[in-house]
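Let the hints inform the model, and build the full structure from the sequences given.
2 protein chains.
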Amino acid sequence: MRDFLPGDLVRRQFVAHRIRQIFESYGFLPLETPTIENLSALLGKYGDEGDQLLFRVLHRRDKLARALEKEEITEQSLAELGLRYDLTVPLARVMANYSHLLPRFFKRYQIQPVWRADRPGKGRFREFLQCDIDITGTKSLIAEAEVCSATACALQSLGINKFSIHINDRRLLRSMIMAAGIPAEMEGTALIAIDKLDKIGETNVRKELLNRSISHQAMDSIVELMSSEPQHDSAAALTSIQEKLASQNDANDSINDLRDLCALLEKTPAGPHVKVDLTLARGLGYYTGPIFEIRSPDFSGSLGGGGRYDGLIGMFFDREIPAVGFSLGFERLMLVMEDQGLFSQLQIGPDVLLCRFADVPATHALEIATDFRRQGLSVEVFPETPKIGKQLAYADSIGAKTAAILGQSEIESGEITLKHLSRKQQEKAKISEAAKILKMWVTSETDTEADSPDDAIDSTE
Amino acid sequence: MRDFLPGDLVRRQFVAHRIRQIFESYGFLPLETPTIENLSALLGKYGDEGDQLLFRVLHRRDKLARALEKEEITEQSLAELGLRYDLTVPLARVMANYSHLLPRFFKRYQIQPVWRADRPGKGRFREFLQCDIDITGTKSLIAEAEVCSATACALQSLGINKFSIHINDRRLLRSMIMAAGIPAEMEGTALIAIDKLDKIGETNVRKELLNRSISHQAMDSIVELMSSEPQHDSAAALTSIQEKLASQNDANDSINDLRDLCALLEKTPAGPHVKVDLTLARGLGYYTGPIFEIRSPDFSGSLGGGGRYDGLIGMFFDREIPAVGFSLGFERLMLVMEDQGLFSQLQIGPDVLLCRFADVPATHALEIATDFRRQGLSVEVFPETPKIGKQLAYADSIGAKTAAILGQSEIESGEITLKHLSRKQQEKAKISEAAKILKMWVTSETDTEADSPDDAIDSTE
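Heads up: the protein sequence lines correspond to chains A and B, in order. Under this note's numbering, the residue at position 123 of the first sequence is numbered 789, and the numbers go up by one with no gaps. Under this note's numbering, the residue at position 395 of the second sequence is numbered 1061, and the numbers go up by one with no gaps.
One or more hints might be untrue.
For chains that are exact copies, the list does not tell them apart, and a pair is met inside one copy or across any two.
[Stated by the list, open to error] As a list, the in silico DSBU-like pairs of lysine-lysine whose alpha-carbon atoms are at most 35 Å apart:
#, residue 1, residue 2
1, Lys-910, Lys-805
2, Lys-729, Lys-1056
3, Lys-1105, Lys-736
4, Lys-736, Lys-711
5, Lys-1056, Lys-862
6, Lys-910, Lys-1096
7, Lys-933, Lys-1102
8, Lys-711, Lys-729
9, Lys-862, Lys-1094
10, Lys-910, Lys-1105
11, Lys-933, Lys-1096
12, Lys-1096, Lys-873
13, Lys-1105, Lys-828
No wet-lab data here; the hints were simulated from the structure. Given the structure is predicted, the values throughout are model-derived calculations rather than measurements.
Right, here's the structure in full:
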């Protein structure tokens, strides 16, 4: 679990703000769900491994006393609440609870932390931020296209341009598994193994499949089906698999959908990044159609993923609501951006540090600070009165852009000393005109060096 | 525990954004701490009642198994982690862990949820947002003044102007308790009772004090000390108590501090709201100097509170670091704002809903959406192709400001139909010029009706 000190946090706020802006430009609306969910809503949605990674909230008071009186005390008897594990299951629950209050095509984004009692690793934490977009209520491939396009656009807005969006389809995987002669009941097992092709290599996947009593022959077939020449050519991959599965009528829908999806994405920000990848499987059980995953040469592992899950909401509800979503791994994006120096130096100091000589009453300082703030400056008042040199050194140490110095004799003539700290420029000004000058100094810096004027945070190189 | 649907959430985001802007204008820097803290850091800081309201995280796997094997299984043996209960104790822990990385006068704001297993009530929830500012590292009263001023300014920026900031001092309370002849070891008990004067009235407080073996005579004294005439006159209250406690030398420091604090605040946003209130006690044990509380005639109970706590950080650390803070109750602010109609109607729909006739390829729609978004519009693409009337009705239902309609024949001539939904205005335009027109429509609305152009959210009446 991590504390975020101001220097780190402004970077995180900057990235979250950018992502949010892009999601909103696609018409996604914000949603937030509670940290604590009923375990009954969470269990059974993430596989056995997921269930074990849930943080559970201990019963309290009477409920705990009753649980402790029982003969058998178990994990189940001690808790009925758990911490949010992802943002998809809460969305499904929200759809079930409030669908009458929501637009028919509910496009929501959600940027909130989730908790997993996982072993920490690079870019893996026990509390981490997820950025999800989902579109519910339609089976149209436009929904798939929009979540892929928005995700690609979000990455680009952060300066991340080297990435590929691997796409495949769960239905196509099923067709391939059937064509390879793997029994239907082994589909889940086979998918989990295939999902690791990329990570552990073909030899190890073969071993795993054999362990799970899937034959060498079936393995040969599935590997043959999945490999296409030339690589990196989505259209060729689709043509090749369509020929190979010519006898399998049910494969046509998914192959045509993948082809249509590529076409839909062509003129969007996702276009150049899309790559049909017949080996992509995605671990989670609830996908029912197209699936996506973002990979980058700059990060081992995925930067995000998603897909269509037309059955999940129905698990909370009396009717099926189709849905498709994409989730970005915020912590991994932060790592990639740091590795590649994509953060401009974000300034965290105030516009002005207000200093004063010991003989100046503090009331004056606070009055002037109030006035400066009303005029749009961020002002910190130095709370004590050591020598001015010490106060100015502090101004430098906290990254203040300017300092304003109050002396008793100057106050009497209505004046104040202003100091531009990086330029080492200093001038006396009328107190009534000081804010205007300081704003000019501060703004000119922002204008020339910042990335964009509507950034959440001033950003200077 | 609450879900926040888009309509509610944009209001919350709007309020949080405003508060953040004000805090930043005072030079406060953001901090975030993890949801899960060690129980050892939390227990014993909030009183017995607080300890009972903590959410505890159940041990997992081996640790749980070991705990369940023991002869005695207790709340303590089943959990060592708990959920954040406030933002002050985490700050104290952060100061202890990272003080070498932080400015000497660390001014931090923190806007994060906290969890209390409390009985829910009006403005009271089990997961709720707190907005805290604190200044560490100085005993200067300027720190008190700055947190009071920033808090008042934040309320005003939300349109809340009817409130008072009650101030008192823990040291002065101690002087009064001693002067009333209440034994030192009963100070805590007496404080808790006095804290309720406002809520349950003098008669009931007397009963409580008697129950705790504090005499009628002591009670008479303390009530007499605390009452001052005329009411609502801070200077008179201070003069009166100074006279009454003339024999009590140690009272002068706190009385003079309160007088100085009033003077410091006079020309700040807090000035007209400050009221010395000798009955203000504040429940928490860790305060050591001035204490504050915000009351409003529009809400029973406080909207926030704070004070100086020079000993708390030392509980985590090898040395004392003085500190003072103010915490705003976000949920209560939301209630007051809603009751008083202080929310302008925040718009959540997209700038443009892109509609198309069934014969227009979806690829065209996505290409045009991409272009519009690049030009700064938020665009939702209607994912299916029912009759245009239905698509336009949907545009109205989600609060879209405009609609753009693609027809096959128009596309061939490079045109598109644009519709201003509230004005019922419609015109044909070149596709290449459409974004410019739509932006004009959308911006003119924002300019004339929005509160301020740099708001996080478009706000239209």
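Checklist entry - Given identical chains, is Lys-910 near Lys-1105, meaning Cα to Cα at most 35 Å, within a copy, between copies, both, or neither? => result Intra 68 Å, inter 50 Å, cutoff 35 Å: neither.
Checklist entry - Is it within, between, both, or neither for Lys-1056 and Lys-862, if the alpha carbons may be no more than 35 Å apart? => result Close neither inside one copy (59 Å) nor across copies (46 Å); limit 35 Å.
Item to check | Alpha-carbon proximity context of Lys-711 and Lys-729, limit 35 Å | outcome: both (26 Å within a copy, 24 Å between copies)
Item to check | Alpha-carbon proximity between Lys-910 and Lys-805, which holds within one copy, between copies, both or neither at 35 Å | outcome: Answer is within: at 27 Å inside a copy they meet the 35 Å cutoff, but 78 Å across does not.
Checklist entry - Checking Lys-736 and Lys-711: alpha-carbon separation at most 35 Å within a copy, between copies, both or neither? => result For Lys-736 and Lys-711, the Cα distance is within 35 Å both inside one copy (29 Å) and across copies (32 Å).
Item to check | Alpha-carbon proximity context of Lys-1105 and Lys-736, limit 35 Å | outcome: Result: close neither inside a copy nor across copies, 68 Å intra and 66 Å inter.
Checklist entry - Given identical chains, is Lys-910 near Lys-1096, meaning Cα to Cα at most 35 Å, within a copy, between copies, both, or neither? => result neither (82 Å within a copy, 46 Å between copies)
Next on the checklist: Treating 35 Å as the Cα threshold, decide for Lys-862 and Lys-1094: within, between, both or neither.
Outcome noted: Classified as neither: same-chain Cα gap 68 Å, cross-chain 53 Å, threshold 35 Å.
Next on the checklist: At most 35 Å between alpha carbons: which applies to Lys-1105 and Lys-828, within, between, both or neither?
Outcome noted: For Lys-1105 and Lys-828, the Cα distance is within 35 Å only across copies (32 Å; inside one copy 39 Å).
Next on the checklist: If the cut is 35 Å between Cα atoms, do Lys-933 and Lys-1096 qualify within a copy, between copies, both or neither?
Outcome noted: Between copies only: 19 Å across, 57 Å inside.
Item to check | Alpha-carbon proximity context of Lys-729 and Lys-1056, limit 35 Å | outcome: neither (58 Å within a copy, 52 Å between copies)
Checklist entry - Given a CA cutoff of 35 Å, do Lys-1096 and Lys-873 count as a within-copy pair, a between-copy pair, both, or neither? => result Answer is neither; intra-copy 81 Å and inter-copy 61 Å both fail.
Checked against the numbered hints above, the structure violates hints 2, 3, 5, 6, 9, 10, 12; every other hint is satisfied.
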